[in-house]
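A.B. asks: Next come the chains, spelled out residue by residue.
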Amino acid sequence: MSMIEVKGLKKSFGDLEVLKGIDQNIDKGEVLCIVGPSGSGKSTMLRCINRLEEPTDGEIYIDGELITDQNLDRIRTKMGMVFQSFNLFPHMSVLDNLTCGPVNVKKEDRKASEAKAMKLLERVGLADKADQYPRNLSGGQQQRVAIARALAMDPEVMLFDEPTSALDPEMVGEVLDVMKALAKEGMTMVVVTHEMGFAKEVANKVIFMDGGYIVEQGTPDAVLNHPQMERTQDFLSKVLI
Amino acid sequence: MGIYLKGFLIACKGIPATVCVSLIAIVIGAALGLLLALCSQTKSKILQVIAKVYVDIIRGTPMLAQALIMAYGVPWLLQSWGIDFTWPQMVLPAIIVCGCNSAAYMSEVIRSGIQAIDKGQMEAARSLGMSHGMAMRLVIIPQAIRIILPAFCNEFVTLIKETSVLGYVGVVEILRRGQLWNSSSFETFPAYIGVALAYMVLTIPLSKLINGYERRMARKEAAA
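Here the protein sequences line up with chains A and B, keeping their order.
158 is the number that my numbering gives to position 158 of the first sequence; each next residue is one higher, with no gaps.
Here my numbering = 1-based position in the second sequence + 1000.
Bound-form chain A, shown alone (with noise of 0.2 Å):
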């Protein structure tokens, strides 16, 4: 059973069409990882995804139901979304990042609520921050606080947007781990990314994304290690040392 379904997805910004014709199935339980060069549309797709960005064209299905402005925001409950630039909010502490949905969203009760909280932190290794504020923490410690705060809403997805691509690189491993543990959990993941070692050992399909298209898919074996088309080997020519 597909848990999202993208059929046709078009996305144009005013005269550029930066999404041409994209469809994808992504299983329950797969784990999807989206490269391919900056201005690809791989972003684009995932926000898509979500409906930050608004398709101009196509349909969107998450678990068989499709998006529309009315179901719109029940139907983000199930996706969990982890930006490059972890958007945490800077105003409440780290708990409240994690609470603030369920609580106001869900109407999950404020002590149960926290307690889960507090096992999410423990989860990605920072349940002595949970008093901080996001400014007192590193990129890295701010990122799995991100994780946590979608997690915190039981998401049946995770969508993961370039998540250690502003990160100093001796950062990068701990949200890489965190994501890892994730995935070996069973989560369904789509991941933007240029981590290509993570979307080899992590992936279960791998999308190759330029000017619009999937240029090519298949196992990461299969697209990192044998890509069949020229624009996927000229990519990964340049990327993978």
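Hints are not guaranteed to be accurate.
As the list claims (entries may be wrong) - In silico DMTMM-like links for lysine to aspartate or glutamate, alpha-carbon gap of 25 Å or less:
(1) B:Lys-1043 to A:Asp-63
(2) B:Lys-1119 to A:Asp-168
(3) B:Lys-1045 to A:Glu-185
(4) A:Lys-116 to A:Asp-15
(5) B:Lys-1043 to A:Asp-69
If you're looking for bench data, these hints aren't it; they were derived computationally from the structure.
Chain A is already provided as a structure; the job is to place chain B on it using the hints.
C.D. replies: For chain B alone, kept in the frame of chain A given last:
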């Protein structure tokens, strides 16, 4: 010196009226200003135009003219339509005018505060399933308030000084107290120096407070 002290003390008798009008007006101004700022941010063209026209009219006319229209013009118009209307207290049109006036300036301040918040904040809030309104209330506006607080207090200082025109529409505030004393005692210089000092008693501590807050914020920014 005694005559100056007397002038100051007489002007100070107007402080309750000035503070009362300013305080109620700044609350009205903040609420109406927020509404205008939100209107100018919506997708609705009509609401945008309404907010824009309102701000243009208020900012394009002197508050004295607005006060005269509200205090005397409006009752005249209603009476000419056969409606028996007079203001029960002249402080009422004064408060309304000051509130509506400061709303126009506050809306610009609030709008710039909202726009200063990184758009990733709205995206993060929406991605948690919050509606636009909830995201504004819980995420955007609390952050915007910190940014606009100094400008908000400056607007309050400006408003306190602007209320000095209300003597023309029958409110006995600081300036009017001085004028009245001057016309009975002919102590012109002490009377108006007293008025100036009475305003300074209100405005200077407020300005110091703002400066202190801004310095604290700057230090916090530097530490982050």
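A.B. asks: So, for every hint listed, does it hold in this structure?
C.D. replies: Tested hints:
1. About 31 Å separates the Cα atoms of B:Lys-1043 and A:Asp-63, which puts this hinted pair outside 25 Å; it is violated.
2. Restraint check: the Cα-Cα separation between B:Lys-1119 and A:Asp-168 comes to about 23 Å, which is no more than 25 Å; the hinted pair holds.
3. For the given pair, B:Lys-1045 sits about 48 Å from A:Glu-185 by alpha-carbon distance, which is inconsistent with the 25 Å threshold.
4. Between A:Lys-116 and A:Asp-15, the direct Cα distance comes to roughly 46 Å. Violation of the 25 Å bound is thereby established for this hinted pair.
5. Of the supplied pair hints, the one linking B:Lys-1043 and A:Asp-69 holds, its CA atoms being roughly 15 Å apart against a limit of 25 Å.
In the structure shown, a violation is registered for the earlier hints numbered 1, 3, 4, in ascending order.
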